Amino acid sequence: MAAKRFRLKFMFWLDLSKSDEADLADDIEILKEQRLFSQTLRDGIRLICQLRAGRTDLLFELFPWLAAELNRPDESLDLVIRQEIDRLSHLIASQQGSRVVDANPPLPGLQKGKANGFSSSPDADDDIKLSIKAAKNGSSGKNFLSSLMSLQQ
Numbered sequence: 001m002a003a004k005r006f007r008l009k010f011m012f013w014l015d016l017s018k019s020d021e022a023d024l025a026d027d028i029e030i031l032k033e034q035r036l037f038s039q040t041l042r043d044g045i046r047l048i049c050q051l052r053a054g055r056t057d058l059l060f061e062l063f064p065w066l067a068a069e070l071n072r073p074d075e076s077l078d079l080v081i082r083q084e085i086d087r088l089s090h091l092i093a094s095q096q097g098s099r100v101v102d103a104n105p106p107l108p109g110l111q112k113g114k115a116n117g118f119s120s121s122p123d124a125d126d127d128i129k130l131s132i133k134a135a136k137n138g139s140s141g142k143n144f145l146s147s148l149m150s151l152q153q
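The opening residue of the sequence shown carries number 1 in the working numbering; numbering runs sequentially from there.
Keep in mind the hints are simulated off the structure, nothing from the lab.
All of these numbers come straight from a predicted model, not from anything done at the bench.
Label pairs and their in silico Cβ distance ranges:
id, residue 1, residue 2, range
1, Asp43, Asp15, 22 to 30 Å
2, Asp15, Ile92, 51 to 59 Å
3, Ala3, Asp43, 23 to 31 Å
4, Gln83, Lys9, 54 to 62 Å
5, Asn71, Gln39, 23 to 31 Å
6, Lys4, Ile45, 19 to 27 Å
7, Phe63, Gln34, 16 to 24 Å
8, Leu88, Lys9, 56 to 64 Å
9, Leu91, Gln50, 43 to 51 Å
10, Leu79, Leu8, 51 to 59 Å
11, Gln83, Arg52, 35 to 43 Å
12, Arg52, Leu88, 35 to 43 Å
Below, a list of computed lysine-lysine pairs in the DSSO-like style, where the Cα atoms sit at most 30 Å apart:
id, residue 1, residue 2
13, Lys4, Lys32
14, Lys9, Lys32
15, Lys18, Lys32
A virtual CB, placed ideally from N, CA and C, is assigned to each residue, including glycine.
With the hints as extra help, turn the sequences into a complete structure.
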């Protein structure tokens, strides 16, 4: 004897006076014509629930090309970031009045900072005076933050 099938029906409403819901109604009609509406609804609900739970396995199962797209390096973005780092390095160096010397080798495409003119070792009886030049109006910090914000766009 076969097991009795138990099925549920869910209904929902769309407000056609809202443009996004009217567009959704049009998409639903196309999906129904292609006999894909029920499966799309099931996949969509499963996908949203899994993404909200922090799981992406169903996303990549339904859209396998997406995993390859996310792993593809974006050379143009990499170049933009390198140029921005180079610009920020020069801006910071000009605000400080000298070039920044980095012990680590620079990233490809960046210029290594020049030495700042310190002598190898001062005489023991010389007085050593340090002077620190701070930005007068805080513009270096503001420039840095605005540059970072432009990277997000």
